[in-house]
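Add chain B to chain A, keeping to what the hints say.
Here's the letter readout for the chains.
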Amino acid sequence: MARIDLQSLGHSYTPNPKSDDDYALKPMTHVWEQGGAYALLGPSGCGKTTLLNIISGLLTPSEGRVLFDGKDVTALPTEARNIAQVFQFPVVYDTMTVYENLAFPLRNRGLRGAPLDARVREIAGLLDLTADLNRRGRNLTADAKQKISLGRGLVRPDVAAILFDEPLTVIDPHLKWELRSKLKALHRALDLTMIYVTHDQTEALTFADKVVVMHDGRVVQVGRPQELFERPAHVFVGHFIGSPGMNVLPAEVSGRAARVGGHVIALRRGFPALNGGAKIEIGVRPEFATLAPAGAGGVPVRVRRLDDLGRTRIARVELSGLPMAATVPEDLTLAGDEASLLLDPAMVHVYADGTLVEGEAA
Amino acid sequence: MDKPVNQGAWLLVLPVLLIVAFSAILPLMTVVNYSVQDTFGNNQFFWNGIGWYQELLDPSTDLGGRFFDALWRNLLFSLLILLIEVPLGIAVALSMPRHGWRVAATLVVLALPLLIPWNVVGTIWQIFAREDIGLLGWAVNRLGIPYNYTADPLSAWVTIVTMDVWHWTSLVALLCYAGLRSIPDAFYQAARIDGASRWAVFRNIQLPKMHRVLLIAVLLRFMDSFMIYTEPFVVTGGGPGNSTTFVSIDLVKLALGQFDLGKAAALSIVYNLIILAVCWVFYTVMTRMDAQRN
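Top line first, the protein sequences correspond to chains A and B.
With full-length UniProt numbering, the residue at position 280 of the first sequence is 280, and numbering never jumps.
With full-length UniProt numbering, the residue at position 161 of the second sequence is 161, and numbering never jumps.
In isolation and in its complexed conformation, chain A is listed as follows:
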């Protein structure tokens, strides 16, 4: 059982951090609920692995505390925490058999005899490794090796949380799906908190109940996949999740209207209190921007290119010279490059200095 609390946790690799830039992980407070399946999503170098290594105890944070079920473990070494970690490259002890690999963490903790044997076989069964128990680790495929790495975590009865650091990087694409489903199933079967670090949005969105998006050492949004898609809390989330990412356009916003280069775009909410100074932008996903024939209402755009993605078509358009992506309805045929863009007002969000601004519902 573990609920993991991060309290004003920050980490800097320089001794005396002065500005925000000195932090690999900017001070943050966050709670990982017991039994949750979390994905930690962000580009390379955003601090994901730093955060993961702090939770597992491989790294001691330069400030703040880590609590497991309310108990301060910040100073505890990794072997004393109820935590397991699976790394990017499978770690298998070459000279040992699969059985010995799985038994290794238990033997190190003093378990012997029948209870050890029973536990190893149970976990091998869960991971479909029973047939390979007597094989040497070195000859196995990458996915089997990664299962063993995972198994060495699962085998410990004391483990309450498993951390995954981009575990599918070296796995063949057609096996990735299989292994991810296995992880999902294990998460349902065992009452474990799982934190899964990845830079692949598909992996994150399919694995996790909650996705934590990180950017530049900071958590920018925590939410269900649908929330990340429909209401990105930061323009970075809009860019990073979705393909193509969210359209972000500089705009002037007053009341319930946004002005982009002389054109007016309707908003669902009112924004009377946007103060000056901040950089104001509006964001709308291509999925909620639909192309229509010129003169069909909406804002006039110039079509630059149509990309056929197979199932859908994406249009690259320009709105007053600003590039955007938009959905092309199946039955639409265009004459020339003049067209009109219909935006769903509920899905047009306003950002001040990159952060989502909540409007007034009235």
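No lab work stands behind these hints: they were computed from the structure.
A virtual CB, placed ideally from N, CA and C, is assigned to each residue, including glycine.
Just so you know, nobody snuck in bad clues.
Ranges of calculated distance between the beta carbons of each label pair, as one might list FRET restraints:
| # | chain 1 | residue 1 | chain 2 | residue 2 | range |
| --- | --- | --- | --- | --- | --- |
| 1 | A | T14 | B | G144 | 51 to 57 Å |
| 2 | A | T169 | B | V5 | 45 to 51 Å |
| 3 | B | Y283 | A | D158 | 44 to 50 Å |
Computed, partial: chain B to chain A, Cβ under 7 Å:
| # | residue |
| --- | --- |
| 4 | A186 |
| 5 | I193 |
| 6 | D194 |
| 7 | N204 |
Chain B in isolation, oriented as in the chain A frame:
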């Protein structure tokens, strides 16, 4: 499918064959030629057949006794330095830094003894260990331990073994370090999470990765110590008595000191065959072990 046959390809091998013939086979045949003859100087040679070989391989004869004494000394020396240098080299490699500027500094310091010419190493220790003016020899004697490598066989052995350890442990350490460097950090992190002890990490992660380089290190150190000549020649000259006379030193005495060309040639051929045989055994064992592991 039929393989194309083109005998003209032999022409491509010809240059190599010629070079090898001139550099290796012809000189070797001269030695073979000497080994079946006897000479009393004056460039007069007499056919002796396998006589020298019979004498050499029979420990009851003067020549055979000399040869076997030197051979056992050689083997004892190789065994001693392997027993010291391999564990010591592993220990040094394990305690070397893994990151940062210290890596380069350590590598340079470790490589230094390897860059010194053999006879200079011998000269350094010959002076360093002298009981009258050498720092080491003088200090040891002042500590109350009788030590004089020119008079006492045990002192002589301690000196040349220490010298070899000083000269060559770096090689073992550098090879092991190369093996250790190929271990990703994730292995150490996973081992910490698995609660592995220091010994378990060594036994299950580090040693398997060093296994191959260690075999190479043992092979290199064995061959080299088995052929050792320069350093003991400079330090002890084979003495006191014959206590540090190794096969190569004896060979030179025989050939250039006594001008027994026939005996020396037979000895050098047997010496050569022993080295080849040991190499072959090592090679076979290494490839066998590799095959077993895969």
